[in-house]
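Asks: One letter stands for each residue in the lines below.
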Amino acid sequence: MATLTEKMPLVATDAALDRAISERIDRLLDQRLEAKLAELKAARTPSMTIIATKGTLDWGYPPFILASTASALGWDVSIFFTFYGLELLKKDLRKLKVSPLGNPAMPMKMPMGPAWFRSIQWNIPNAVQSLIPAYEAFATKMMKKTIKKSGVADLAELRGLCIEAGVNLIACQMTVDLFGYKREQFIPEVKDYVGAATFLPMAKDADVSLFI
Amino acid sequence: MDFDKELDARGLSCPLPILKTKKSLNELTSGQVLKVVATDPGSIKDMQAFATQTGNPLLSSAEENKTYVFYLKKK
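Chains as they are written, first to last, in my numbering: chain A, 1 to 212; chain B, 1 to 75.
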């Protein structure tokens with residue numbers, strides 16, 4: 001880069017003047033830089049990317065709750081659905097299930113009856129759970145009832161709110177092929193079917209990137 | 001306090017009170033006031049965060065009998 005002396009021979013042959021100008025610019029830069037950075041930071045829209053990899057009822061909630069809330073706060077949000085996460089893009093979310101089998105963290109409480117009954121934690125061993133027919137269907141039903149009773153949104157409603165709020169729902173094309181799915185099985189609002197190489201740059205620029 | 005629209009978010013849990021508040025605010029014009037009634041105890045902090053993040057001032061936040069009443073102004 002040409003020095004002041006080379007660019008403006010007439011004016012800047014004076015080395016002292018050159019130095020004075022440099023020092024002045026340095027001082028101004030220090031003051032202005034901080035103010036400018038703060039300005040840019042305030043004007044920036046926060047963004048979030050989520051990679052959703054699970055397809056059960058319980059795991060369906062975190063991506064949609066986080067995405068819808070971030071959207072409500074004014075953020076730009078994109079969710080990349082891959083592997084079992086694709087289940088969350090299917091047309092009928094009522095098919096999603098939850099299983100207590102091998103799921104020691106799941107609270108097993110009945111959502112109905114008197115308070116003392118509802119507070120019982122039914123610890124049924126896996127070996128027994130696996131023998132009872134329709135056990136998963138029952139557990140799913142109880143979970144849905146618990147969710148409804150506590151006023152938490154229905155999953156389809158949450159997804160709808162995300163779509164309304166402009167959250168980008170992006171599907172992993174590779175998984176679609178892997179599991180032999182057809183695009184007609186998914187909701188039409190899916191923004192795009194892409195690969196990791198397309199999604200990763202979005203994640204790089206986001207303020208928050210989550211793997212669910 | 002005067003308000004231009006009321007949102008009944010009673011019985012709704014996180015994140016519904018905030019999501020519905022956002023939706024309701026969209027329908028107001030700048031300067032109008034939205035009254036939100038909620039029963040979710042988390043909504044106190046949530047409304048505060050929502051107001052700060054989106055720049056729609058929280059004019060007041062009060063509790064009566066496990067019910068929370070918020071007044072937000074559309075910026």
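Hints are computed from structural coordinates only; laboratory data are not their basis.
Please note that a few of the clues may not be correct.
Claimed, not checked - Which stretches of chain A does chain B cover? Using the computed rule of at least three CB atoms under 8 Å from a CB of chain B, they are:
hint, stretch
1, 56-69
2, 72-82
3, 111-123
Claimed, not checked - Calculated cross-link-like contacts (lysine-lysine; reagent style PhoX-like; alpha-carbon spacing at most 20 Å):
hint, chain 1, residue 1, chain 2, residue 2
4, A, Lys-182, A, Lys-149
5, B, Lys-66, A, Lys-149
6, A, Lys-95, A, Lys-204
7, B, Lys-45, B, Lys-23
8, A, Lys-95, A, Lys-145
9, A, Lys-148, B, Lys-75
10, A, Lys-97, A, Lys-54
11, A, Lys-149, B, Lys-20
12, A, Lys-182, A, Lys-54
Claimed, not checked - Computed far set for chain B versus chain A, every beta-carbon distance over 10 Å:
hint, residue
13, Leu-16
14, Leu-19
15, Asp-40
16, Pro-57
Note that this is a predicted model, so its numbers are computed, not measured.
C-beta atoms are modelled at their ideal positions from N, C-alpha and C, and glycine is treated no differently.
Asks: Is the hinted pair A:Lys-148 and B:Lys-75 satisfied, with a Cα-Cα distance of at most 20 Å?
Replies: violated, 34 Å
Asks: Given the hint that B:Lys-45 pairs with B:Lys-23, does the C-alpha gap stay at or below 20 Å?
Replies: holds, 19 Å
Asks: Far enough from chain A: is every CB of that chain over 10 Å from the CB of B:Asp-40?
Replies: violated, 7 Å
Asks: So is the stretch 72-82 of chain A in contact with chain B by the C-beta rule, three or more residues under 8 Å, or is the coverage claim wrong?
Replies: Holds: 3 residues of the stretch 72-82 of chain A have a Cβ under 8 Å from chain B.
Asks: Does B:Lys-66 pair with A:Lys-149 here, judged by a C-alpha cut-off of 20 Å?
Replies: holds, 17 Å
Asks: Closest CB-CB distance from B:Leu-19 to chain A, is it above 10 Å?
Replies: Non-interface label fails for B:Leu-19: nearest chain A Cβ at 5 Å, not farther than 10 Å.
Asks: So is the stretch 111-123 of chain A in contact with chain B by the C-beta rule, three or more residues under 8 Å, or is the coverage claim wrong?
Replies: Violated, because only 0 residues of the stretch 111-123 of chain A bring their Cβ atoms closer than 8 Å to Cβ atoms of chain B.
Asks: Is it the case that B:Leu-16 keeps its Cβ farther than 10 Å from each residue Cβ in chain A?
Replies: Non-interface label fails for B:Leu-16: nearest chain A Cβ at 5 Å, not farther than 10 Å.
Asks: Given the hint that A:Lys-97 pairs with A:Lys-54, does the C-alpha gap stay at or below 20 Å?
Replies: holds, 11 Å
Asks: Compare the distance between the alpha carbons of A:Lys-95 and A:Lys-145 with 20 Å, and conclude whether the hinted pair is satisfied.
Replies: At roughly 15 Å apart (the allowed maximum being 20 Å), A:Lys-145 and A:Lys-95 satisfy the hint.
Asks: Are A:Lys-182 and A:Lys-54 close enough, with their CA atoms no more than 20 Å apart?
Replies: Holds: A:Lys-182 and A:Lys-54 sit about 19 Å apart, inside 20 Å.
Asks: Are at least 3 residues of the stretch 56-69 of chain A within less than 8 Å of chain B when you compare beta carbons?
Replies: holds (count 3)
In the structure shown, a violation is registered for the earlier hints numbered 3, 4, 6, 9, 13, 14, 15, in ascending order.
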